[in-house]
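Asker: Letter by letter, the chains look like this.
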Amino acid sequence: MTVSIFLANIVFLTLIQAAIPRLLKKSIVFGVTIPEVNVEDQKLSTYKKIYSAITLLVGLIGILLFAFLGLGKQLQEEKIVITGLIVQFSILFVSMILYLYFHIQTTKRKRKMKWGENLKKVRVADLARRSNDEMLPSIIFALPMAITIGLIVYTISQYSAMPDMIPTHWGPNGQPDAFTEKNPFSVIALLLILLVMQGMMVAINTFTKKSGVKLNATKRNTSRIQQLSFRKYTSWFMFLTTILLTILFGFFQLTTIHGEFAGSMMMMVLPLAFLLVILLATALYAFKVGQGGSRIRTEVIDEETTGITDLDDDQYWKAGVFYVNKNDPSIFVEKRFGVGWTINFGNPIGYLILIGPLLIIFVISFLL
Amino acid sequence: MFIQIEPTSEIPIYTQLANQLIELIATGTLQTSEALPSVRSLAADLGVNMHTVNKAYHELEKKNIIQIIPKSGAVVNEISSTGPSDSQIEHIKQVMKPLIAESIVYGMDKKQILSIATSLISGIRRDEE
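From first to last, the protein sequence lines stand for chains A and B.
The first sequence begins at 1 in the numbering used here and counts up one residue at a time.
The second sequence begins at 1001 in the numbering used here and counts up one residue at a time.
Honestly, the hints are just simulated from the structure, not real lab data.
Keep in mind that a hint or two might mislead.
Calculated cross-link-like contacts (lysine-lysine; reagent style DSS-like; alpha-carbon spacing at most 25 Å) [unchecked claim]:
| id | chain 1 | residue 1 | chain 2 | residue 2 |
| --- | --- | --- | --- | --- |
| 1 | A | Lys318 | A | Lys43 |
| 2 | A | Lys121 | B | Lys1055 |
| 3 | A | Lys48 | A | Lys26 |
| 4 | B | Lys1071 | A | Lys210 |
| 5 | A | Lys210 | A | Lys335 |
| 6 | A | Lys49 | A | Lys112 |
| 7 | A | Lys335 | A | Lys26 |
| 8 | A | Lys43 | A | Lys121 |
| 9 | A | Lys121 | A | Lys26 |
| 10 | B | Lys1055 | A | Lys210 |
| 11 | A | Lys209 | B | Lys1071 |
| 12 | A | Lys108 | A | Lys121 |
| 13 | A | Lys26 | A | Lys49 |
| 14 | A | Lys232 | A | Lys26 |
| 15 | B | Lys1055 | A | Lys209 |
| 16 | B | Lys1055 | A | Lys326 |
| 17 | A | Lys48 | A | Lys288 |
| 18 | A | Lys326 | A | Lys182 |
Kindly generate the complete structure, drawing on both the sequences and the hints.
Answerer: Here's what the structure looks like:
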């Protein structure tokens, strides 16, 4: 079971990592802004192909290696987990090195070819876009928190009937494999962690909503629709994640209180179903929506604009991946290499939203 | 309803922003009592400092073109039906004079300057041709 879960993860990771260049906007190549007129450059498409080919190859080797080790010999559970993690990190590491290499190559090529040097660099904004933003309201994200609080109250009411040992970790078969002594804190620790994660989702949704819509100057109508769709689907995706987390954690909490009320089959199937739905939703999001909505087809046609290009803000993107811009009030910005959002490291609230919850979860786990 | 700024230009961003907004109001794209985006949201979209947008809005408020209502944001003022005030005419003269002088220095004559003005006006207000 563990082997197939890891195998599915590794296959998925390889496919996404190798596909990244195809999921991005054409105007940003390996973290470098490229003017619209130069995006079809032959050299750049070769870079992308080499990146994808090597990542795919390394991933394939990892898959074969892991399948051979995991299925061939009778390895211990622990060894399988460690091998699986090492394979995943190796694939990520190789693709990161490749990214950095091609980031430098693309930067050099842009400079050498003097791309965009005689174009007027502009920034475009749509004054009316707020009324068309269809991101889910943050209050909807707060609703699952009410369920969690309800479960906490219920747990407290059931305290005396609960077992003396409280599970803190579940194995791949859905059975608890680590326990801690029962006390008023340990019985609700799982729900507290859930509450922190739900709170984090509320904060992420709230601040992505406040973050800017960065339009493409030469394709303003198309990029406007794509950006708004991207925002909408991102908030849907995050809402789905919150709901699934609530179901999973809530289910585990109920089994802790009532024993295997739903049967051991359910204990095994539910986490797997969770994983499957998350992977499917991620694939759908990455390949159907794409970064910044770049894979969404639109009906609108943009007027031909010449002589202008997007303002090159590469100076704010350290290594093309870390955005540090104190002037920009946006807390979340679209990633340049990957699908989703990254934080503006120039803004302390961003750190707080990501590091704060992790710290609290760490402290809760430490206290158990 | 797009606005476009050029951050690397010599003209300060807040001036560019104010000019673009005035133009949108002049063309009728932005109408009376229509709300402008909040300072934070426009600054985030343009990736500029909030002070820059704030400065542009205050510039427009000083000129009585928009009204900033605390807590609820900025809205476009009605275009005066009694025509421009004396001080507004005075202000326009002051801004135009050096431009017209510059045009004369470049060798333009009265006809040329007037034809530029006419074509600019009809570019902004199609109905006044």
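Asker: Work down the list of hints and note, for each, if the structure agrees.
Answerer: Okay, the hints, checked on the actual structure:
Only pairs whose Cα atoms come within 25 Å are accepted, and A/Lys318 paired with A/Lys43 is accepted, the gap being roughly 23 Å. For the proposed pair A/Lys121 and B/Lys1055, the alpha carbon gap of about 22 Å is at most 25 Å, so the pair holds. Restraint check for A/Lys48 and A/Lys26: the C-alpha separation of about 11 Å stays at or below 25 Å, so the hint holds. Simply put, B/Lys1071 and A/Lys210 have alpha-carbon atoms about 16 Å apart, close enough for the 25 Å limit, and the pair holds.
Taking the CA atoms of A/Lys210 and A/Lys335, the gap is about 16 Å. The hint holds against a cut of 25 Å. At most 25 Å may separate the alpha-carbon atoms for a hinted pair to count; A/Lys49 and A/Lys112 meet this at roughly 21 Å. Taking the CA atoms of A/Lys335 and A/Lys26, the gap is near 13 Å; set against the 25 Å cutoff, the hint holds. With a C-alpha separation of about 24 Å, the suggested pairing of A/Lys43 with A/Lys121 holds against the 25 Å cut-off.
With a CA separation close to 17 Å, the supplied pair A/Lys121 and A/Lys26 stays within the 25 Å bound. This hinted pair checks out: B/Lys1055 and A/Lys210 have alpha carbons roughly 20 Å apart, not beyond 25 Å. Restraint check: the Cα-Cα separation between A/Lys209 and B/Lys1071 comes to about 19 Å, which is no more than 25 Å; the hinted pair holds. The straight-line distance between the Cα atoms of A/Lys108 and A/Lys121 is roughly 20 Å, inside the 25 Å bound, and the hint therefore holds.
Between A/Lys26 and A/Lys49 the alpha-carbon distance is near 14 Å, which keeps this suggested pair within the 25 Å criterion. Annotation: proposed proximity of A/Lys232 to A/Lys26 holds, straight-line Cα distance about 21 Å (limit 25 Å). The suggested pairing of B/Lys1055 with A/Lys209 holds, with an alpha-carbon distance near 24 Å, which does not exceed 25 Å. Restraint check: the Cα-Cα separation between B/Lys1055 and A/Lys326 comes to about 18 Å, which is no more than 25 Å; the hinted pair holds.
Using a Cα cut-off of 25 Å, the hinted pair A/Lys48 and A/Lys288 holds, with the two alpha carbons roughly 20 Å apart. For the hint linking A/Lys326 to A/Lys182, the alpha-carbon distance of about 47 Å lies beyond 25 Å, and the restraint is violated.
Checked against the numbered hints given earlier, the structure breaks only hint 18 and satisfies all the rest.
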